[in-house]
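Residue numbers (UniProt numbering): 1 to 533.
Nothing false has been slipped in among the hints.
Cross-link-like lysine-lysine pairs, in silico, DSS-like; alpha carbons within 27 Å at most:
| id | residue 1 | residue 2 |
| --- | --- | --- |
| 1 | K426 | K449 |
| 2 | K68 | K186 |
| 3 | K354 | K449 |
| 4 | K392 | K426 |
| 5 | K354 | K450 |
| 6 | K354 | K263 |
| 7 | K82 | K68 |
| 8 | K45 | K61 |
| 9 | K45 | K76 |
| 10 | K392 | K284 |
| 11 | K263 | K306 |
| 12 | K176 | K45 |
| 13 | K54 | K68 |
FYI, nobody ran anything at the bench for these hints, they're computed from the structure.
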Amino acid sequence: MNMSLVRSANWLTQAIVRSNKSPKVTNVAKRIRLYATSEDPRVTKGLVIGVYQKEGDKDPKLTTSGEKFDDRVQGKVSELIKECNITGQLGRGKVFNNIDQEFRSVAVIGMGREGAGFNELEMIDEGMENARIAAGVGARSLQMQGCSEVFIDSMEYPEQAAEGSALAVWRYNDNKQKKNRTIVPKLELYDSPDVDAWTRGLFKAESQNLARRLSDAPANQMTPTTFAQATVDALCPCGVTVEIRTMEWIEQQRLNSFLTIAKGSCEPPVLLEISYCGTAPEDKPILLLGKGMTFNSGGICLRPCKGMDEYRGAMAGAAVCVAAIRAAAALSLPINISAVIPLCENMPSGMACKPGDVVTLLNGRTLAVRDTDKAGVVVMADPLIYAQTTYKPRLVIDVATLGSGVVQGLGGSATGIFSNSHYIWKQFQKAGSLTGDRMWRLPLWNYYKKLVTTNTSFDISNNGEGPASSCLAAAILHEFVPCVDWAHLDIRGVGMLTHYGTIPYLLRDRMTGRPTRTLVQFLYQMACPDANK
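Work out the full structure, taking the sequences as your base and the hints as a guide.
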């Protein structure tokens, strides 16, 4: 590419796009910027196209839609790929301005190896995940360029491209002045007839973004009452029934374990009962239970001040359940889903639960609260028993941020799952491999049961003995689901703030909304088993 061509076309090669990193200016970009006008027109429309990684002596290859666009601009994209040494490495690429009359900015993003598929060692479909990453990185880079409308190459996976781009451009802007908010561009599918798959991807991503918004809101703006209203606003327009149970009702139902923790806060507790009917009313539902602790200070066993604000996300389990039901309704899944969401705060006060307090549960057993910092299983105990008695479900899934052990064992790589059903575990494993939000099974052995039930003074301890906090928490919950298939998703490592190993299409140091899409995919597999054979 000679410099006269640069002058006439006024192409502006931007920095290498790297997810969540500051851009680095290349030498080519420095040279070309000398010929950019001092006042470029405002960028409005942008386009993201994918390019496969070069292999051997072969040049990087554009996707099908990318090749069509390259023909439209007389091969300018191919020329720039060679000149700027774009290799097609996953998530790496460049943004070019003013190479097309319609699209002022075009992001050319690497998609990794062409033909990538299921990786058994990684337990992930790399082709799908690569599309999410490339679309997400490209959409975010154009968002930073000020594009108000971004068209996305389907990258052979339109549903996954929609997920990656919609997740990448989302921002929690509620507490910023409007003039300082990052603009979230409108996303459109480029040059592909598969609009249905694209729309499904947007539904799933928007549901995860709902979970992110609920989890990231400050605790004073997302109290139990506020969360309940947000749930009504999100679900009722989709035809989902939401019943809000107040303090008086909770006392009448004798949900003592829930009240034991909730009474320490001035904010009144709320219990939500949610019902989505997608098939015959007499069909047994899948029951979801999400831990909805809108702030967890640790109670009398107060947490350290540093980092305590992160525990506004202790209700991430509840947020994921609400978001998954919204997606199920939007996708019209032929399945019945019921959910019970206990919402409260865990605060220190004269009314707060004291270490060593013992509460009698609905099933007559006693639960000792030996550590008020580990109040999650206490809040969930009676609602879990109540929900099974009321709904008689075919399957129970609880979602909660519980033990720190899952963080130490898995980091942010996967959700820790405990289940008494091998079939349920395999379905979740499959769902995670398809969504890129993986699950990893952890042990639910009698070894842990003994550590939480062996005491002469009470039946169950809320912390057990030994360091395996996540396994102990799962063993406690297992005591409350004796006669039904059950899975416990411990999302402590994936659902709260991400400080390291951030997925490229999510944001560092923000709540993630994980594993909403995996739960939605699991519900789809349960609703349509024949479609997965």
